[in-house]
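Engineer: Build the full structure now, drawing on both the sequences and the hints.
Next come the chains, spelled out residue by residue.
Protein chains: 2
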Amino acid sequence: MESVATISESISAANSTAVEKMMNAEPILFDVDLAYKCIPSFATNRQILHAGPPIAWEQMCGALKGAIIGAILYEGWEETPEDAEKLAASGEIAFDSGRNHSALGPMAGVISPSMPVFMAKERGSNKVAFTNFNEGLGPTLRFGAFDKDVIKRLEWMKVTLAPALKAALKSSTSKAEGILLKPIISQALQMGDECHNRNQAGTSLFLREVVPHIFRNVDRIDAIESYEFINSNNHFFLNLVLVACKIMADAAHNIKYSTIVTAIARNGTEIGIKVSGLGDKWFTDQAAIPSGLYFPGYSANDANPDMGDSTITETVGLGAAAMAASPAIAKFVGGSAKDALEMTNIFSKITITKHRHFTIPYLDFEGSPVGIDIRKVLRTGITPRANTGIAHKLPGIGQIGAGIVTLPLLPFKKALKEYATEYGI
Amino acid sequence: MESVATISESISAANSTAVEKMMNAEPILFDVDLAYKCIPSFATNRQILHAGPPIAWEQMCGALKGAIIGAILYEGWEETPEDAEKLAASGEIAFDSGRNHSALGPMAGVISPSMPVFMAKERGSNKVAFTNFNEGLGPTLRFGAFDKDVIKRLEWMKVTLAPALKAALKSSTSKAEGILLKPIISQALQMGDECHNRNQAGTSLFLREVVPHIFRNVDRIDAIESYEFINSNNHFFLNLVLVACKIMADAAHNIKYSTIVTAIARNGTEIGIKVSGLGDKWFTDQAAIPSGLYFPGYSANDANPDMGDSTITETVGLGAAAMAASPAIAKFVGGSAKDALEMTNIFSKITITKHRHFTIPYLDFEGSPVGIDIRKVLRTGITPRANTGIAHKLPGIGQIGAGIVTLPLLPFKKALKEYATEYGI
Chain A
1 MESVATISES ISAANSTAVE KMMNAEPILF DVDLAYKCIP SFATNRQILH AGPPIAWEQM
61 CGALKGAIIG AILYEGWEET PEDAEKLAAS GEIAFDSGRN HSALGPMAGV ISPSMPVFMA
121 KERGSNKVAF TNFNEGLGPT LRFGAFDKDV IKRLEWMKVT LAPALKAALK SSTSKAEGIL
181 LKPIISQALQ MGDECHNRNQ AGTSLFLREV VPHIFRNVDR IDAIESYEFI NSNNHFFLNL
241 VLVACKIMAD AAHNIKYSTI VTAIARNGTE IGIKVSGLGD KWFTDQAAIP SGLYFPGYSA
301 NDANPDMGDS TITETVGLGA AAMAASPAIA KFVGGSAKDA LEMTNIFSKI TITKHRHFTI
361 PYLDFEGSPV GIDIRKVLRT GITPRANTGI AHKLPGIGQI GAGIVTLPLL PFKKALKEYA
421 TEYGI
Chain B
1 MESVATISES ISAANSTAVE KMMNAEPILF DVDLAYKCIP SFATNRQILH AGPPIAWEQM
61 CGALKGAIIG AILYEGWEET PEDAEKLAAS GEIAFDSGRN HSALGPMAGV ISPSMPVFMA
121 KERGSNKVAF TNFNEGLGPT LRFGAFDKDV IKRLEWMKVT LAPALKAALK SSTSKAEGIL
181 LKPIISQALQ MGDECHNRNQ AGTSLFLREV VPHIFRNVDR IDAIESYEFI NSNNHFFLNL
241 VLVACKIMAD AAHNIKYSTI VTAIARNGTE IGIKVSGLGD KWFTDQAAIP SGLYFPGYSA
301 NDANPDMGDS TITETVGLGA AAMAASPAIA KFVGGSAKDA LEMTNIFSKI TITKHRHFTI
361 PYLDFEGSPV GIDIRKVLRT GITPRANTGI AHKLPGIGQI GAGIVTLPLL PFKKALKEYA
421 TEYGI
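Just so you know, the protein sequences line up as chains A and B, in that order. Heads up, the first sequence stops at 425 in the numbering used here, and the numbers go up one at a time, no gaps. Heads up, the second sequence stops at 425 in the numbering used here, and the numbers go up one at a time, no gaps.
Simulated from the structure, these hints should not be mistaken for laboratory data. Be a bit skeptical, because a hint or two may be false.
Identical chains share a label here; the pair holds if one copy fits it or two copies do between them.
[Unchecked claim] With a cut-off of at most 20 angstroms between alpha-carbon atoms, the simulated DMTMM-like pairs for lysine to aspartate or glutamate come out as follows:
(1) K393 - E58
(2) K175 - E225
(3) K182 - D31
(4) K331 - E366
(5) K338 - D364
(6) K354 - E26
(7) K175 - E228
(8) K413 - D302
Structural biologist: Right, dumping it as structure tokens:
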């Protein structure tokens, strides 16, 4: 057994290394393809990926079940929701966490073989991460809706939007490595986004990058349709934030001795975290009901527990961690500008540094708090908060609100216990 | 002579009316044309318009002279700067304040007959206001530069950009009245712009509106060239802010008894203000040297006195009045986020209300201070501040910095004196 002082130094050094790698990662968006063409496991499995830790059909929440029913209808594996549900329950489909395939998405985070996905990689690396396309507001698959309009939109995204964006990204990679996502995220923080629940600036800046590539390389009608779809959805950039964050978080993962959190994700039943020095094990607890504002006619009684991969934003210093950059989001979920500052302050108590590239104008361009240390979480009893959308708990309905969720302490406790065992403390 | 109490009530009522009209005006961008085709006075005069109060060639500052030399070269009236200067001094050209023709522009604000101008009007009115196109950064006519690249860019703007934007606006007016400028400005304030020295969000949001119209109606190569020109210049939206502000300020002008400032403008020699209840008379003083940050190699010794029509932004609650929305601009001119809040607070001391549509996230969406009352300026001794670019004092050089200028008290004193005479107090 090493001495406490030695261990403590090893942890500090490992955490510094991890957070440096997290801050310095340079995610580059470079391609679009259908999932079965670029995510290897689809070649051998009749598979559907979902957000959060792995979970069996029987344990899935209503909203995730709804999204999977929709994916089965979209794939044409069944014709009716009833038959789709039977197929899902039959065991013939391999369900897996997208995270086991470097894939992620907001809310249900469902990716089936024929869905288009964005492909991003860290500069200098060949390891690719994937995310699905954001569908916009109203009833959407990611919130568990699966009506005809939802399926029709998914088909349009495959047939029109994906080829347009593929052509645009091919164009962007002809002269550069692709579209650098971190500068867009950094700039969006200067423009009122916290890059989780607000992506208005990010979507605007992404459009500014991608427009000439789309209009140079795509038939005019398809180009305008694609443009108008993205332009009508201020959350379009969210999924690109997620894949960028995944690359940043992965850069900090698997650093021996590091106690830094490198994943936070929810499948609507469980929330799980991963820790840099503890390999690929999830440390989980039941997902909580977010506290927030509900659309007219709905209340917390209708709410699905917390769901989605989008807490990868809070993992790398965005979302609730950067709330001080976005009073509009604090207001959206019922708070004030002071509450926004307070939210960022909360993160400062459980993180090890301030981000070098993600800065907050109203804190005189101080960095957002980054590098959640499970030791600090346990010492203070403060757990990360997360901004989130709220889905209905039944399949087939969709979004009913948005709010803030406070993560449970148990996953951090479990992780620290495992750490003690693993490192023999 | 009316009693003081009666006068005071009349002033309060008039000021409320004026500021309501200012806040409620709805400026709509609807067309582009060459100046001589749409500004009537060009039909009968060999004319060049400029920023600020009217001024004779002999009294003009170096930067304005430079811009006028450039305009003469651009028009092809002379071939060399030396001959252009002679022509300017000959009396053969009618110089006038753009304000006398509902036209305005940043810095030199020079508009000659063959320059394209944007046309905007208030909803429901036929009165048109005009502004020139923003040329971007580096040496530009508006800062007094007139080299070959400056003239070449102006020519490209006439031949390619203006027809593209004209076609786009024609398309936008086929289904609506045109492009509503106030919602873009309001949203830009939520995204870190103060809409004078920072227009990154405004330019992004304007692009989002105009892109489908451009790409539907313009030849692909010209459309992409036009797009890339706008996209490369985060000040492009500034001129559209100015024409929108002009319409808002004019809506508040000529209200009997009102002591609200409806124009602040500088020609690089003099600064002048107008007051709602005092008709079209300018109240002037010498323009000051802005205090700010200079580009490497330059100092305040090289600076042209304060210049341009862009202080129309501060007149209606934007720019320095809305500085709290834009810590980035405070930093750009050497200040902190606290300084940004303080700047907005200064305006609160000399204005009569908070803007209903222009709100500031970090003040919990409180409106920006609007309605500068000359009585409050005199009572407090506080004059409006303005964000501004800084031109070199010699013709032909261009921008050398950016900063903040504190307006002199004298124009407000002169206006109050005139008010006392006019209203017999």
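Engineer: Which numbered hints does this structure break?
Structural biologist: Violated hint (a single one): 8; every other hint is consistent with the structure.
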